[in-house]
Amino acid sequence: MKLKLPHMHRTMTVHLIAVFLGLAAGAVFMISTGNNPFAGYAYLFKGALMNYERIGNTLATATPLIFTGLSVAFAFNTGLFNIGASGQLLAGGLCATAVGLTVVLPKPLLLLLMLLAAIVGGGLWGFIPGFLKALFNVHEVVATIMMNWIAYWVVNYTVPAYFKGEFLETESRKIPDIASLRVPWLTELLDGSYLNLGFFIAIFVSLVIWVILKKTVLGYELKAAGFNRHAAEYAGMKVNRNIVLSMTIAGALAGIGGLSLYAGYAVNIQIGILPNQGFDGIAVSLLGANSPIGVLFTALFFGILHSGKGFMNAMTEIPPEIGETIIAILIYFAATKILIERFLDKMNTRFVNRISVQTGEVIEKGGN
Amino acid sequence: MENPPIIEMKGIRKGFPGIVANDDITITLQKGEVLALLGENGAGKSTLMSILFGLYRPDRGTISIKGKEVQISSPTQANDMGIGMVHQHFKLVHNFTITENIVLGLEPRKGLGMDLESASKRIKQLSEHYGLNVDPDEKIEDVSVGMQQRVEILKMLYRDAEVLIFDEPTAVLTPQEIQDLMKIMKNMIDEGKSIILITHKLKEIKAIADRCTVIRRGKLIGTVDVADTSTEAMAEMMVGREVSFTVDKEDREVDKKVLEIQGLNVINRRGVMGVKDFWLDVYGGEILGLAGVDGNGQTELVEALTGLTRVESGKILINGKDVTHSNIRERIESGLAHIPEDRQKRGLVLDYSVEDNFILENYGDDRFNTYGFMNRGAIRENSEAIILDFDVRAGQGSDTPARSLSGGNQQKAIVGREISHNPDLLIAVQPTRGLDVGSIEYIHKRLIEQRDSGKAVLLVSLELDEILDLSDRIAVISHGELIGLVNADEIDENEAGLMMAGVAKGSKS
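Quick mapping for you: the protein sequence lines, in order, are chains A and B. Note that our numbering gives residue 257 to position 240 of the first sequence, counting from 1, and the numbers run on in steps of one. Note that our numbering gives residue 6 to position 4 of the second sequence, counting from 1, and the numbers run on in steps of one.
Chain A on its own, in the form it takes in the complex (with noise of 0.2 Å):
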């Protein structure tokens, strides 16, 4: 333990420089269009943690991000690329939705139910992909994105064919109380914000992903076939099943973030949107260095990012795509992560080779 500190540090060192540096890029843009960033920043976390409201509806905004981020993360831990979140997200959304909107049960055993539906929904969804790669080495990138699209048009049907709203073709009907992720004391606690015990869910399961990819054999087993997929089949393991295994997993997580989305941060599902929540997991789950907890705290940051950039928009003449162009220049700063620690290196081996040149002189002299 001592000696993987140092190691997890570094790679935390090295995600606050890129946040720091991606922060700084939006404050040269800030600048650029004639603000002030301190300003624009100051308002911008004002507009995600200043009351208690806002802050509930920062936390309600990250809860399907920690969902899609683990989704990924996990995927990428046993070597695979789910690009699929947002069409998981749908499939677990619409089925949550289905039986949020059909089933008549006390409240806990239909928020259990939906969760249900919402593993089935989105682990199918990873289901396919994996199964797809097994048989036929289909790669997962190809069959996730059409996923995607099978989703889209899934719902595009089912939703006005079966749940139509009362005004509008283009989404569900609004779920009923008793089916929503939102619970009167939660909802009156932070005066009114759309907090949901989606958030409690997802900081569990990250718990619990976490332990399954530290502490289990499974865990063990999928991330030897990440690492070195030659090696776990030397090594007798059924790295095919895995691939199921694990693509399956992922894409539950994502419907997990479906009924969290659905049915907690919304009250109903539309037609015609591929979720982006989906694709921000991709980002997340990069920043998160793929770890169940860097994938949480990554995705609060997204959501203050998210849920401040109105705020800041309304204070100030900042346009709200500094908030995203933010974003996108953090990942990009993520996936160069490799030049930030190799700057790191660099300082550390002068600083290092200084010290032992200057000592190696100190002991020539005194020999002499």
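A hint or two may mislead.
Unchecked claim - Heads up, simulated DSS-like pairs for lysine-lysine below, C-alpha to C-alpha not over 30 Å straight-line:
#, chain 1, residue 1, chain 2, residue 2
1, A, K255, B, K278
2, B, K188, B, K33
3, B, K208, B, K251
4, B, K205, B, K112
5, A, K255, B, K323
6, B, K12, B, K70
7, B, K347, A, K255
8, A, K354, B, K259
9, B, K12, B, K221
10, A, K255, B, K317
11, B, K347, A, K232
12, A, K363, B, K221
13, B, K259, B, K68
14, B, K317, B, K259
15, B, K70, B, K221
16, A, K255, A, K231
17, B, K221, B, K205
18, B, K141, B, K123
19, B, K70, B, K126
20, A, K232, A, K255
21, B, K208, B, K12
22, B, K347, A, K231
23, B, K93, A, K363
24, B, K112, B, K141
25, B, K447, B, K347
26, B, K203, B, K447
27, B, K141, B, K126
28, B, K258, B, K447
29, B, K208, B, K188
30, B, K12, B, K188
31, B, K347, A, K354
32, B, K141, B, K93
33, A, K363, B, K278
Claimed, not checked - What follows is a list of derived Cβ distance ranges for each label pair:
#, chain 1, residue 1, chain 2, residue 2, range
34, B, I21, A, I290, 50 to 58 Å
35, B, N329, A, V158, 27 to 35 Å
36, B, F92, A, K63, 53 to 61 Å
37, B, R405, A, E341, 32 to 40 Å
38, A, R27, B, R395, 50 to 58 Å
39, A, L356, B, E451, 48 to 56 Å
40, A, R27, B, K347, 34 to 42 Å
If you're looking for bench data, these hints aren't it; they were derived computationally from the structure. Glycine residues also receive a C-beta, built at the ideal position from the N, C-alpha and C atoms.
Since the structure of chain A is provided, determine the placement of chain B on it from the hints.
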């Protein structure tokens, strides 16, 4: 000295965080000689040559070329000064022709296009002059590894290099190709070139080098004339203790049959029969050496035996049990262990720690697996035992990432893991490839221990010496067929070489 040496590196020091890779090292290279640079893996040979080639800058020390002090800050500059390096891992563009690869970086122009014709002509001339036998119009992907190396050599000659650095040039070559390379090197010396040969193979130093500089743990041990120094003495300088070359092995009766291969046919990745109607039994208490030139079906045979490849027809039995269609895990459980040919591709998960690599096959055992959770205590215990038993040197003990072990220690870790399973059948493929003499000696000792304790060992190696030293019986494979099976004491190197080339010996014994 009448003439200043063509290259003199004086008092070179180079430190990296945590280690001093070169500490006050001095070497000289005279015109027209082969200087061998001898040292174990990680001794600092490559660092020293990287400094000469302009990849690193020394912390201290000077480099002189023909008596003139110079600064070399990039490989291009090194090339301009007449220094060329033939790397261990070739740097070639596979879908380019040989000519295109050689002119890369200094393409001859003709108007707007390239003048490949004159380049090709010059390459042909150079090739004939040095006896390289290269066809400039062939594509790299169509030529053998040995030929690719010659292309690398030609690249240097084309750039008028006067000093050629060879980094472990024979590691990837077959015995025949090694002989050819030696000839080419002699031709180059005759033409007035000078060569620095980085190696840890003493036989090659004896065969070609004039002088030998020995480095151990970053420090200069000394420079000797090869002609008046025995291989034993050089080995001792390199390792720092006496090394035994003869393998001590007592005669012993064989036990029961452990592995039976019956009429095995295997189709390889190119869709042709890689192993043809192969019959072989391996007994407990013997080392059976499988000799052959690279690419003659060894890989296919091993993959079929270990379960990595499907068998077309025929049978494989371990301890009398038919495992032809068993999966890899079942074969491991039947008593099979496998030291793979490519330790980094198959043998290790480089991003895992040493201790996690030690449980790669048996992580699911009850002792490591408590209700699905990793039993860290037992994993650590297992790891400490293997590290101690197999002398795996890892900077941070069990926590060390496998990636940061030296090649020799990575191999010892794999050997340790496989032997610690106490297998009835150990398939060891190239178990000492690219290792220094110290590690080779150690791994050989452990293989013989396996044999002495009544286990079966199938040794697959391209090093004929290794096969001849260790084996009780020798099987020779050529074009996927068993061409001969003899007792080790009934065959010498020449006969074995002939059989490897596909000429069967009188009759099977």
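Against the 30 Å threshold, does the CA-CA distance of K347/B and K232/A hold or violate the hint? 25 Å, holds
For a C-alpha distance cap of 30 Å, please report whether K363/A and K278/B respect it. Between K363/A and K278/B the Cα gap is close to 55 Å, so the pair fails against 30 Å, i.e. violated.
Cβ separation of F92/B and K63/A, checked against the hinted range 53 to 61 Å: With Cβ atoms ~60 Å apart, the hint holds.
Could you grab the alpha-carbon distance between K347/B and K354/A and see if it respects the 30 Å cut-off? 26 Å, holds
Looking only at beta-carbon atoms, does the pair I21/B, I290/A fall within the given range of 50 to 58 Å? 56 Å, holds
Decide if the proposed pair is consistent with the structure: K363/A and K221/B, CA atoms, cutoff 30 Å inclusive. 25 Å, holds
Do the alpha carbons of K112/B and K141/B lie within 30 Å of each other, as the hint requires? 23 Å, holds
Check the hint pairing K141/B with K123/B against an upper bound of 30 Å on the C-alpha distance. Answer holds: K141/B to K123/B is near 16 Å, not above 30 Å.
Is the hinted pair K258/B and K447/B satisfied, with a Cα-Cα distance of at most 30 Å? 23 Å, holds
K447/B and K347/B: Cα distance at most 30 Å? 25 Å, holds
CA of K255/A to CA of K278/B, is that 30 Å or under? 29 Å, holds
For K12/B and K188/B, compute the direct alpha-carbon distance and say whether it is at most 30 Å. Given that 30 Å is the threshold and the Cα spacing comes to 27 Å, the pair holds.
In the structure shown, a violation is registered for the earlier hints numbered 4, 8, 13, 19, 33, 38 and 40, in ascending order.
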